[in-house]
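Enquirer: If you want the building blocks of each chain, they are given just below.
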Amino acid sequence: MDEFVNLKATELRLGLPGTNNVCEERVSCNSNNNKRALQADAENETETSPPRKTQIVGWPPVRSYRKNNVQTKKNESDGESQGIYVKVSMDGAPYLRKIDLSCYKGYSDLLKALELMFEFSVGEYSERDGYKGSDFVPTYEDKDGDWMLIGDVPWEMFECNCKRLRIMKGSEAKCLGSGV
Amino acid sequence: MAEEEDLSEMANDVERHLKLDPPKPSPPPPCPSHVLENVLENVLKFLTSRRDRNAVSLVSRSWHHVEAQTRFEVFIGNCYSLSPARLTRRFTRVRSLFLKGKPRFADFNLMPPDWGAQFAPWVAATARAYPWLEKVSLKRMFVSDDDLALLAVSFPGFKELVLLCCEGFGTSGVAVVANKCRQLKVLDLIESEVTDDEVDWISCFPEGETHLESLSFDCVESPINFKALEGLVVRSPCLKKLRTNRFVSLEELHTLMVRAPQLTSLGTGSFSSSTHDGAQGEQEPDYASAFRACRSLVCLSGFRELTAEYLPAISPVCANLTSLNFSYANISPDVFKPIIRNCHNIRALDSICDEGLQAVAETCKELRELRIFPFDPSEDSEGPVSGLGLQAISEGCKKLESILYFCQRMTNVAVTAMSENCPQLTVFRLCIMGRHRPDHVTGKPMDDGFGAIVKNCKKLTRLAVSGLLTDQAFSLIGEYGKLIRTLSVAFAGDSDMGLRYILEGCPKLEKLEIRDSPFGDVGLRSGMHRYNDMRFVWMSSCRLSRGACRDIAHTLPSVVVEAFGSDDDDDDDDEDDNADYVETLYMYRSLDGPRKDAPKFVTIL
Numbered sequence: 001m002d003e004f005v006n007l008k009a010t011e012l013r014l015g016l017p018g019t020n021n022v023c024e025e026r027v028s029c030n031s032n033n034n035k036r037a038l039q040a041d042a043e044n045e046t047e048t049s050p051p052r053k054t055q056i057v058g059w060p061p062v063r064s065y066r067k068n069n070v071q072t073k074k075n076e077s078d079g080e081s082q083g084i085y086v087k088v089s090m091d092g093a094p095y096l097r098k099i100d101l102s103c104y105k106g107y108s109d110l111l112k113a114l115e116l117m118f119e120f121s122v123g124e125y126s127e128r129d130g131y132k133g134s135d136f137v138p139t140y141e142d143k144d145g146d147w148m149l150i151g152d153v154p155w156e157m158f159e160c161n162c163k164r165l166r167i168m169k170g171s172e173a174k175c176l177g178s179g180v
Numbered sequence: 001m002a003e004e005e006d007l008s009e010m011a012n013d014v015e016r017h018l019k020l021d022p023p024k025p026s027p028p029p030p031c032p033s034h035v036l037e038n039v040l041e042n043v044l045k046f047l048t049s050r051r052d053r054n055a056v057s058l059v060s061r062s063w064h065h066v067e068a069q070t071r072f073e074v075f076i077g078n079c080y081s082l083s084p085a086r087l088t089r090r091f092t093r094v095r096s097l098f099l100k101g102k103p104r105f106a107d108f109n110l111m112p113p114d115w116g117a118q119f120a121p122w123v124a125a126t127a128r129a130y131p132w133l134e135k136v137s138l139k140r141m142f143v144s145d146d147d148l149a150l151l152a153v154s155f156p157g158f159k160e161l162v163l164l165c166c167e168g169f170g171t172s173g174v175a176v177v178a179n180k181c182r183q184l185k186v187l188d189l190i191e192s193e194v195t196d197d198e199v200d201w202i203s204c205f206p207e208g209e210t211h212l213e214s215l216s217f218d219c220v221e222s223p224i225n226f227k228a229l230e231g232l233v234v235r236s237p238c239l240k241k242l243r244t245n246r247f248v249s250l251e252e253l254h255t256l257m258v259r260a261p262q263l264t265s266l267g268t269g270s271f272s273s274s275t276h277d278g279a280q281g282e283q284e285p286d287y288a289s290a291f292r293a294c295r296s297l298v299c300l301s302g303f304r305e306l307t308a309e310y311l312p313a314i315s316p317v318c319a320n321l322t323s324l325n326f327s328y329a330n331i332s333p334d335v336f337k338p339i340i341r342n343c344h345n346i347r348a349l350d351s352i353c354d355e356g357l358q359a360v361a362e363t364c365k366e367l368r369e370l371r372i373f374p375f376d377p378s379e380d381s382e383g384p385v386s387g388l389g390l391q392a393i394s395e396g397c398k399k400l401e402s403i404l405y406f407c408q409r410m411t412n413v414a415v416t417a418m419s420e421n422c423p424q425l426t427v428f429r430l431c432i433m434g435r436h437r438p439d440h441v442t443g444k445p446m447d448d449g450f451g452a453i454v455k456n457c458k459k460l461t462r463l464a465v466s467g468l469l470t471d472q473a474f475s476l477i478g479e480y481g482k483l484i485r486t487l488s489v490a491f492a493g494d495s496d497m498g499l500r501y502i503l504e505g506c507p508k509l510e511k512l513e514i515r516d517s518p519f520g521d522v523g524l525r526s527g528m529h530r531y532n533d534m535r536f537v538w539m540s541s542c543r544l545s546r547g548a549c550r551d552i553a554h555t556l557p558s559v560v561v562e563a564f565g566s567d568d569d570d571d572d573d574d575e576d577d578n579a580d581y582v583e584t585l586y587m588y589r590s591l592d593g594p595r596k597d598a599p600k601f602v603t604i605l
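Protein chains in written order, with full-length UniProt numbering: chain A, 1 to 180; chain B, 1 to 605.
Worth flagging that the hints you see were computed from the coordinates, not collected in a lab. Where a beta carbon is used, it is the ideal one built from N, C-alpha and C, also for glycine. Incorrect hints may appear among the rest.
Pairwise CB distance ranges, derived in the manner of DEER restraints [as the list claims (entries may be wrong)]:
no.	chain 1	residue 1	chain 2	residue 2	range
1	B	ASN109	A	GLU127	51 to 57 angstroms
2	A	VAL86	B	LYS365	39 to 45 angstroms
3	B	ILE190	A	GLU119	55 to 61 angstroms
4	B	GLU284	A	ILE84	20 to 26 angstroms
5	B	ARG341	A	ASP100	35 to 41 angstroms
6	A	VAL86	B	GLY443	44 to 50 angstroms
7	A	SER89	B	PRO338	30 to 36 angstroms
8	B	ALA228	A	SER64	26 to 32 angstroms
9	A	ASP144	B	ILE190	35 to 41 angstroms
10	A	ASP144	B	ARG51	58 to 64 angstroms
11	B	PRO113	A	GLU119	56 to 62 angstroms
12	B	PRO223	A	LYS105	35 to 41 angstroms
13	B	GLU369	A	ASP100	41 to 47 angstroms
14	B	LYS365	A	LYS105	42 to 48 angstroms
The task is simple: from the sequences and hints, build the whole structure.
Expert: Dropping the structure here:
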């Protein structure tokens with residue numbers, strides 16, 4: 001059990017600036033993963049550590065009023081993360097679509113879905129050169145209003161920052177797509 | 001809020017004193033006694049402190065009488081410690097009443113519903129005895145709509161109603177108060193459960209100028225009529241405190257602020273924009289400008305559905321803030337830190353952001369009260385290494401007096417550091433959410449840390465302990481915690497000795513609440529000499545037997561001993577063991593014996 005505890009201690013999620021960006025603080029995303037991990041570990045250590053896990057009444061001692069509030073917010077933020085609806089436009093298409101980003105596990109998932117939806121295909125992605133081999137380049141508008149190439153940043157960061165998607169086509173796309 | 005001796009203790013003292021040492025007959029005084037009484041009355045009117053008044057009332061019968069005539073504010077720490085009749089008999093000129101009902105552990109579902117603490121008998125008695133009553137404050141009481149209605153019609157000069165952690169009423173009751181109490185200055189509904197009766201209570205305030213100074217309804221979980229609220233604010237020129245609920249959007253808040261720039265305390269409601277895509281077409285209100293215009297704003301709370309991008313709007317007031325409550329805000333460190341770095345004058349901070357504590361420590365040198373709540377209030381959730389946060393605070397905020405801190409794990413070093421750096425601490429409440437968790441670096445119990453707290457914090461009056469603790473911790477508490485009045489224990493200790501140390505060592509102990517700790521009959525009996533002088537003792541899921549509890553009840557007739565289970569299925573009389581085991585013991589001193597309104601599941605021994 002000590003081993004387990006110390007492992008967590010060396011994870012060093014300290015309260016110092018710069019180490020975590022906003023998105024990693026989305027506990028609703030992270031805590032689920034960690035919870036699963038913790039439970040798995042906990043099962044291994046039941047022999048040595050005091051019994052826990054069974055939900056004890058009134059513990060931790062947080063008033064239900066406050067718990068419900070956090071719960072509401074969590075559910076709402078879960079709602080948000082379950083429903084990060086963003087507009088998707090495709091150059092030349094008559095109307096836009098809307099998709100729920102939280103339905104996708106990552107970029108490949110997302111791109112596959114977009115390809116199906118708009119019947120196109122993106123090229124091969126590389127960090128250096130962007131998307132090669134296609135007229136179409138998937139981009140998104142971030143919180144600062146800039147148009148960014150999809151795929152550069154970690155998925156969670158993308159989920160947080162993405163305001164809308166745009167599948168660029170043609171010459172504009174070429175500029176953006178070819179590693180500028 | 002400082003806990004002071006309550007009515008029953010003082011009354012107890014009086015009864016004992018007068019029985020043991022009746023005033024001696026003396027030669028007739030040179031001047032008529034009623035003149036002396038008059039003089040005394042005029043002098044005593046200046047005494048406001050409860051402690052002073054309690055002392056005064058013990059001098060002699062006539063002083064006792066005059067003191068009772070001139071006591072306008074009465075505080076009753078346990079509504080069952082005396083009957084309403086006794087209150088009205090002794091004090092005849094009460095203008096303000098503060099009543100506390102259920103014990104604190106009721107907040108955590110450890111008490112079955114319908115246990116009691118009803119306001120009804122009190123409002124009935126005071127309606128008859130004190131028609132001039134102006135102020136009622138209730139904490140953890142059951143208040144019905146009928147009670148509120150009776151209050152509203154019985155006291156024509158009624159000015160202030162404060163309901164803290166109460167339940168049993170709804171918006172219809174609030175509406176009656178709003179409508180009938182024409183002199184109302186304060187209507188504060190705080191952390192109470194208010195049923196949504198779908199009544200537009202805001203519209204029930206009478207037309208014309210109001211006397212409202214404080215209106216708090218952030219706990220009301222139902223939409224309000226915003227137009228009516230705006231109208232109310234406009235015609236309330238004295239309004240200083242306004243705490244809205246989460247159904248008030250940022251745009252609406254802006255409107256209110258523009259109407260009431262004189263506010264000193266603002267509950268910001270949702271703090272999110274009602275139009276999800278931000279300004280579309282319409283120009284967004286200038287929130288920063290509205291905040292800037294509120295030059296007297298010193299207290300901010302709310303932020304129930306915080307949209308972080310709007311938070312910088314509060315920057316103009318940050319330097320003036322003395323109190324900030326972010327504890328309902330889903331706030332990340334990146335958003336929290338730049339804000340807190342402007343709050344040099346903060347004295348009270350509530351937050352869930354324990355990662356921002358370094359910034360707090362660096363900036364908030366005037367901090368007196370800190371409460372850090374868990375974002376995820378469950379035992380096994382992941383969380384940052386909180387010992388560092390606590391250490392940082394202790395090094396930066398040396399004037400700290402009161403702290404409530406939730407964390408997953410802690411170290412003795414961090415707790416000891418706080419004890420050394422913050423000598424002004426009067427309240428230290430540490431909740432290590434992982435039950436029985438030792439120091440996560442050394443693996444040792446948390447005895448040393450809490451021991452350091454009681455040793456070094458010489459002004460400590462309130463302590464809550466957690467984590468893995470042996471009897472040694474309680475030995476230290478008993479040895480050094482000489483000023484402790486309130487002690488909360490959960491999942492701690494090894495044996496009855498733990499309880500003995502506390503009961504034999506802490507002379508000022510008034511409120512003791514214990515759960516899930518291995519304390520049994522021997523420990524309970526060791527406190528026999530103390531229970532008359534304490535307000536209450538709560539012990540749940542410990543190792544108590546009915547026999548021991550009965551012994552207490554028989555030995556101490558002025559202590560009411562209640563036993564009940566946390567579930568209603570107490571009818572398990574099949575096994576003798578179960579019948580003898582006391583799941584929950586709640587005992588308290590009372591001048592008027594056991595209450596008559598105890599529900600079936602409560603056994604009064």
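Enquirer: Going through the earlier hints one by one, which of them does the structure break, listed in rising order?
Expert: none
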